[in-house]
Every structure is written in C-alpha cells, then in structure tokens.
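Produce the entire structure from the sequences given, and follow the hints as far as they go.
Numbering (the numbering used here), first residue to last: 209 to 398.
It should be emphasised that the hints constitute simulated quantities derived from the structure, not laboratory data. Treat the numbers as computed from the prediction; the structure is a model and nothing was measured. Think of the CB as a built atom: it goes at the ideal place given N, C-alpha and C, for glycine as much as any other residue. Be aware that one or more of the hints could be misleading.
Pairs of lysine-lysine, DSS-like flavour, derived with a Cα cap of 27 Å [unchecked claim]:
1) 232 <-> 259
2) 259 <-> 361
3) 397 <-> 230
4) 374 <-> 232
Quick list of simulated restraints, FRET-style, between CB atoms [claimed, not checked]:
5) 352 <-> 280: 28 to 34 Å
6) 279 <-> 303: 17 to 23 Å
7) 317 <-> 285: 30 to 36 Å
8) 227 <-> 279: 21 to 27 Å
9) 360 <-> 271: 18 to 24 Å
10) 366 <-> 251: 34 to 40 Å
11) 331 <-> 371: 18 to 24 Å
12) 251 <-> 363: 30 to 36 Å
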Amino acid sequence: MINIVLFGKPGAGKGTQAEFLKGKYNLVHLSTGDIFRFNIKNDTELGRLAKTFMDKGDLVPDEVTIKMLQSEVDKNPEAKGFLFDGFPRTIAQAEALDAFLNSKEQEITATIALEADDEILVKRLLERGKTSGRADDQDEEKIRNRYQEYNEKTAPLMDYYKEQNKFYPVNGIGSIEEITERLSQVIEKL
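Structural data, given as structure tokens:
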C-alpha cells in the first residue's frame with residue numbers, strides 16, 4: 209500500500225497531477241476540495257458548513273475535514289493506496305491522519321510538495337477563475353488570504369514530514385508532462 213500526500217498552494221497543480229498519478233499508480237484520489245464542492249453542490253449539512261468558511265477564504269475546521277476524510281477512506285477498503293490532495297493542512301490534521309491510518313495498519317509513505325512562486329500561482333488562479341465559476345479564484349485578495357493561511361498553517365508540515373524522512377519537494381513550474389515526470393521519479397524511488 210502506498211499513501212501519498214500531494215502538497216502545494218492553491219493553483220500549484222495538485223488536482224491536475226493527481227489525475228495522472230492515480231491512474232499510473234492505481235491510487236484512490238481524495239481531494240478535500242472536490243469532496244467539499246460535491247457536498248456544497250448537493251446542499252448536504254457538511255456542504256453548507258464548509259461553504260460558510262470557504263466563502264470567506266478560510267480553511268474548513270479540522271474536525272469537519274477529518275471526519276469527512278475518514279468516511280472516504282472507509283468507502284474504499286480494497287484500495288491499493290490513497291493520494292491525499294489538500295489534506296493534511298495542519299500539524300493537528302497530520303497527527304489525526306497518522307493516528308487514523310495507524311488504526312488501519314497503514315501510514316503515509318511520502319509527502320510530495322509542488323513548489324511554485326506565489327505571483328505565478330495568483331495569475332493561474334485568476335485565469336482559472338474566469339472559467340471555473342469558483343468565487344474563491346476570482347478575487348485576488350481572497351487568493352492572497354488563502355496563501356497567507358497556507359504559509360502560517362501548512363508550511364510547518366514540511367518540518368513534520370522532514371523529521372520522518374517523508375518530504376520530497378518538486379518543482380511545480382513547467383509543462384504538465386514535465387511535472388508529472390518529476391513526480392514519477394520521486395514515487396518510483398519509494
């Protein structure tokens with residue numbers, strides 16, 4: 209079983225790369241963003257709750273996210289592994305994920321970070337916002353708020369996974385194919 213956390217700021221290409229990696233390595237892709245959007249679109253209780261935070265550009269609280277993710281893992285008992293996209297975002301979430309996976313006699317195999325310059329990512333998101341319809345991708349102030357939250361809450365995860373020798377930075381700038389190749393080189397060595 210291989211469990212990978214795909215790490216990176218909004219707009220870094222996690223979703224795009226996850227599509228290639230899940231097929232190539234037969235992983236179940238768990239994107240908290242996709243799961244939240246599904247719940248919002250279907251007006252579930254979780255969706256309504258998540259939307260109140262997302263509309264402000266804030267992260268959804270840990271306890272909500274963790275329960276939702278546990279449910280998704282439990283729905284896939286035959287999985288060869290999981291590709292976690294957008295989770296964990298804090299040390300508390302990482303510890304909760306570790307505890308949950310340990311209860312299933314599993315662990316995170318690696319954390320791979322797509323690294324890219326903020327200014328390039330802001331431009332990407334504003335461009336994506338023109339076609340995605342996502343309000344959080346159409347307002348530069350909200351985008352920069354997401355990056356500030358990322359830097360404050362998520363960046364410490366790098367040290368958390370470095371201490372476990374599970375952190376692998378990857379250059380997230382280039383063609384989709386180039387980035388996929390860089391990610392594959394890391395995964396092949398695990």
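What hints, given by number in increasing order, does this structure fail? 1, 7 and 11
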